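Chains as they are written, first to last, in my numbering: chain A, 1 to 379; chain B, 1 to 391.
No wet-lab data here; the hints were simulated from the structure. Please read these numbers as outputs of a predicted model, since none were measured by experiment. Glycine is no exception: its CB is placed at the ideal position from the N, C-alpha and C atoms. Don't take each hint at face value.
[As the list claims (entries may be wrong)] Each computed DMTMM-like pair below joins lysine to aspartate or glutamate, with the alpha-carbon atoms no more than 20 Å apart:
hint, chain 1, residue 1, chain 2, residue 2
1, A, Lys223, A, Asp188
2, B, Lys33, A, Asp225
3, B, Lys317, A, Asp185
4, B, Lys247, B, Glu223
5, A, Lys334, A, Asp302
6, B, Lys26, A, Asp23
7, B, Lys26, A, Asp185
8, B, Lys291, A, Asp121
9, A, Lys60, A, Asp256
10, B, Lys291, A, Asp136
11, B, Lys317, A, Asp356
12, B, Lys249, B, Glu237
13, A, Lys258, A, Asp221
14, A, Lys162, A, Asp225
15, B, Lys33, A, Asp188
16, B, Lys194, B, Glu223
17, B, Lys317, A, Asp144
18, A, Lys258, A, Asp302
19, B, Lys317, A, Asp7
20, A, Lys335, A, Asp7
[What the hints assert, rightly or not] Reference listing, derived: stretches of chain B covered by chain A, where coverage requires no fewer than 3 residues with Cβ under 8 Å from a Cβ of chain A:
hint, stretch
21, 27–35
22, 259–268
23, 307–321
24, 325–334
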Amino acid sequence: MKYPLVDERRWEIVPFKEHPGHDSIWAMVRGADGHIYIGLCWEYSGGGIAQLYRYNVASKKLEHCLDLGEVTGERPSNGHATQGKIHFSLCAASDGAIYGTTHCTTPPMGHAVWNPCGMWDDPLLGYPGGHIFRYDPKSGKAVDFGILFPNEGLPFMVLDEKRDRLYGITYPKAHFFRVNMAGRDLVDYGRVSSWYPIGLCFDPRMNIFFSDTNSQLIKYDVKQDRLIFTRQTPYANPWNASKRFSWISNLNLAEDGKIYGTHYHNPHLFRFDPAEETPRIEDLGRGADTDACQQLRCLVPDGRGRIYYLAWVAKGPGEAGPHFWCCYHLDTGKKEVLGQLQAHGVTPWSWIGVTDLEGNIYIKGNGRPMTLAIYHPNA
Amino acid sequence: MAAHRKPVRPPAEQTPLIGPADVADKFRFFFDKVSPWVSAGSVYGFPMHEEMTEPTILEGESSIGALTTTPTGVVLGITTGRRGHLFYFHHSFYVVDLGVLGEGVTGGAIVTTLGDKIVGGWRGQDGGLFRHDARHELGTGQEDFYSRKAPVERLSLPGKGEGVLALVYNPTAGATYGLTTSNRIISLADDARKVRVEVQADARLAPALLRLPDGRLLGACEEGQLWTYRPGTRAIEKTGAFAPCEKGKRYVASVQSLLLTRNGVVYGGSGTDGFFFSFDPATGALLNFGKPHRQSFIRALTEGHDGLIYGVVEEPKGMAHLFTFDPAGRVFEDLGILNTFIPVQWSPHSIGALCTGIHGEIYAGESDTISHLFVYYPPVVRRTGFETAPG
């Protein structure tokens, strides 16, 4: 089946003109002030430094907040793998503060490649470690809580404000940990996966769900303060018996109380009820028909009965097929392809997305300079 | 009054090494020059459960603390963590849990004794000793679709709460000797159930022990000092040999691993600084070969059938590297970080034990929250000069 392009009038593309060399976005959060905070990353070549941006929903403009090289005191020319990324780790506190972490894999300046295990403890070229930081939008100032895990990046962090806890994941060692909101009182729960989990969310009771590299659903039980390896996995293609490289890629709590997810290596949407002792995973089938869908990403519940997501067809190694903007209706279970996603000359592709208070959806765009793509469902 | 001075800014830092900025084939370049994974030979990695059954060695209980090979080829090991388990590896079933040894286990030792009988022990919240006959666990009948599990015979250690640091077998004496957390040398005769205290040491014993060709035991204590003990003499004799360390670190120096090779040479690895050395028990001479890697802590050593010494170097919170030492050329080679896709994809960051299988394969026990048993098959040596004449 062929799908028309999405309605361009509903899409807005906003370029990060001040940082034209940056090449990816992995983190977004809506702050308590209603604005959208974005981690702009420099990942695919050496020497880049992550930047924290805010999309001001009132002025409809991008505003630069932080240079993470300045926050961490690590200049891009210091020879080390740089603080090039903010990855799945922006958290919004009720007082308006934004918490985040820095993350690695950006090579040192002048280098094209870099490996975190090979360069694990190299005194010249190693990664010093991811920093946890706190940004106060009112003052524009940031506090650097320092490095908790030397040599490791911090690709994931979420905030449980009521319990004064930040939970995170390390890379490459894939340890699950928690600290308090001052970045202290570290508890390391150990390794949880081969590669680090890439989809993670709270349930209403503030338990945390994520998966290992082989799809296994893992629960951090907040009451018991321990990890539970549930042995539950979502649908896997029958030819991938070992579920190799099959992370749960997105997990998002929707307003029906269920957690919805996508999978790294198949196009099925799934959900489970986190209230169940051992959640049974319900396969919701393909996210779209075969022509439009080999994989799904970027689940965004809009709080209005819909979950938006991206579907796409991979054409071959390194070759991207068309992307499709899709929607799942919570009340009917209907899955709808809204169109091929290409707008104003940009083909957005994103792992994550957030909504603003009016229900507009923000995802990573694409291109150089990198862009923010904004979907206005009611335009 | 001091003259006004302009603040002095440090000079801009320079990138100390410049790598290739433009790489024509980034993927090939990565494989050849960036990838840290062991690429010579083949690496297999098995989760700590039987392929067909629900895991019973759970996360947090699977860290492998000790391994041994029996003459028929069964490899057995001890896990540490919340609970410690005894397990064996079988090619049909993979890792078979033989049961829980104790709770809060922090370390263990296991040694092959007579035939396929093994003696093992553990330490931690509590300690214990056991014996197990693994001969039934190798063979599977033609239609044997289930793993076999012979019972584990539990034995008592002399002291309450006492744990086992290291074990070694002396076939001539028909006895297993061990070191305990109470700094005692113990012995257990092949058919005995009662453990005998050989001697109480006046030093803190390191968890490393071997039997010298002349029947003496060799171990280490504080500051990396080596000692010997001849069974029956009831006296530990400290040698003048100390594991090497950097100047100024003698007070924290230690021996982390000891190995007796087939030709009677003793090799050792230090904790602090990670030096690799040999020790001549006849002369007491210790020879420092240097460091196989940047990291400290040579955690385990084993001898391959190819004449190489295989070792693991990994300091606390480090990244475990497999290395070899070639006694002929006295050279080290860093083989890299283990990584496997067969049957599961996994790369261990921590390795706590090594042993050599009966066919020369190297078993490596991961020591992490979630652990695997790795089997490394060194590369097949290319033979030359055997080509047959045409016709």
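- Query: Against which earlier hints does the structure fall short, listed by number upward?
  - Reply: The structure breaks hints 2, 7, 9, 10, 11, 12, 15, 16, 17, 19, 22 and 24; every other hint is satisfied.
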